[in-house]
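Numbering (the UniProt record's numbering), first residue to last: 1 to 304.
A portion of the hints provided could be inaccurate.
What the hints assert, rightly or not - As a list, the in silico DSBU-like pairs of lysine-lysine whose alpha-carbon atoms are at most 30 angstroms apart: (1) K195 to K246; (2) K113 to K195; (3) K45 to K68; (4) K152 to K278; (5) K213 to K264; (6) K152 to K216; (7) K52 to K76; (8) K216 to K195; (9) K76 to K113; (10) K76 to K278; (11) K111 to K58; (12) K129 to K216; (13) K52 to K68; (14) K177 to K113; (15) K76 to K216; (16) K76 to K177; (17) K297 to K246; (18) K215 to K195; (19) K45 to K195; (20) K58 to K113; (21) K68 to K216; (22) K68 to K213; (23) K213 to K177; (24) K68 to K129; (25) K129 to K177; (26) K215 to K264; (27) K58 to K216; (28) K246 to K129; (29) K213 to K76; (30) K290 to K111.
I should point out that these hints are in silico values taken from the structure, not numbers from a laboratory.
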Amino acid sequence: MDQQLEVFVTVAEKENFSRAAEELHMTQPAVSQYIRSFERIMGTKLLERTNKYVRLNKAGEIVYHHAKEILGLYTKMHYLIDDLTNNTSGPLSIGASYTFGEYVLPHVLAKMKESFPFITPSVTIGNTKDIAELVLGHQLDVGIVEGQYEDKNLVIHAFSEDSMCVVASPQHPLSEKEEVSLEDLANETWIIREKGSGTREAAERMFHTYHIKPKKSLEFGSTQLIKESVEAGLGIALLSDWTIHKENANGTLTILPASAISIKRQFSTVLQSPFQTKALQVFLDTVTNKETLSEVKNDFYNRK
């Protein structure tokens, strides 16, 4: 059954029998036979076929969703059993929200690689909500998310604190002030992330805590785009210290002196299953180790 699931998922993702056969190192007739056999077992057609494309129908979408979960669990089971007798090695699928994934995680993985070179991590970057859902669907071994995310079906453990700051272009009028008031901030255009983002959640928490009602807001889908937009003078933003260190050092972004505001948030690990491969245990030990994170931060902040 696992072979049929793998063939079905590959055909669904490639939307083409020939490309799926090439991916699976099989012949096209063999792929077609697997699909026909699988559809007989399911008792219904799962794919719409034309000369131009192969697409999932409604039943196929349901089967595809669960097939991905089943294959993820099957792979995890295989590596758990393999771990009983072998050294720490193998694949590790990690998901991370943008701030941690793009600015912190690469340095954590480099530290892990020094002692465990046979672990082969793959990384998916997305907003907090998307990463949590992928973990819940067994498509990621572990997620790192930002902010106060909650889900009763996930094991969520806060392991590090992240400081947030309000930033503007050096040419922005507020950059000239010795102290920026809450009223000043309310009168500005704010550039914020999309719903589901940990950075968006932090901004909304700040607005609520300090009773700030922005005059205008713009919603952009990436931290890099927000930084470029702030540099261009489109508005101000609340961003993590990690994300603006280089720009602040180079003088392309300025941290506004708003002492009335103090916003911190948590980085948290997100797990779905209590069973962990050795590779996952090693990653969790590394990423939650305070000394390791301190070394990473020192190295990061000392870079020019």
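### Query
For the pair supplied as a hint, K290 and K111, is the alpha-carbon distance within the 30 angstroms limit?
Holds, at roughly 13 angstroms.
### Query
Regarding the pair K58 and K216, is the alpha-carbon distance no greater than 30 angstroms?
Cα-Cα ~41 angstroms, so violated.
### Query
Is the hinted pair K52 and K68 satisfied, with a Cα-Cα distance of at most 30 angstroms?
The hint holds at about 25 angstroms.
#### Entry: Agreement of K152 and K216 with the hint, judged by alpha carbon distance not exceeding 30 angstroms
violated, 35 angstroms
### Task
Given the hint that K68 pairs with K216, test it: the Cα-Cα distance must not exceed 30 angstroms.
Violated - the C-alpha atoms of K216 and K68 are around 42 angstroms apart, more than 30 angstroms.
#### Entry: Given pair status - K76, K52, alpha carbons within 30 angstroms
violated, 36 angstroms
#### Entry: 30 angstroms Cα cutoff - pair K195, K246
Answer holds: K195 to K246 is near 26 angstroms, not above 30 angstroms.
### Task
Quickly compare the C-alpha distance for K58 and K113 to 30 angstroms and report which way the hint goes.
violated, 43 angstroms
### Message
Need the status of pair K215, K264: alpha-carbon distance at most 30 angstroms?
### Response
Cα-Cα ~24 angstroms, so holds.
### Task
Would you mind confirming whether the straight-line C-alpha gap from K76 to K278 stays at or under 30 angstroms?
Status holds; Cα separation ~11 angstroms.
### Query
Has the given pair, K113 with K195, been kept, meaning a C-alpha gap of at most 30 angstroms?
violated, 34 angstroms
### Task
Compare the distance between the alpha carbons of K45 and K195 with 30 angstroms, and conclude whether the hinted pair is satisfied.
violated, 36 angstroms
Hint violations for this structure: numbers 2, 6, 7, 11, 14, 15, 16, 19, 20, 21, 22, 25, 27 and 29, all remaining hints satisfied.
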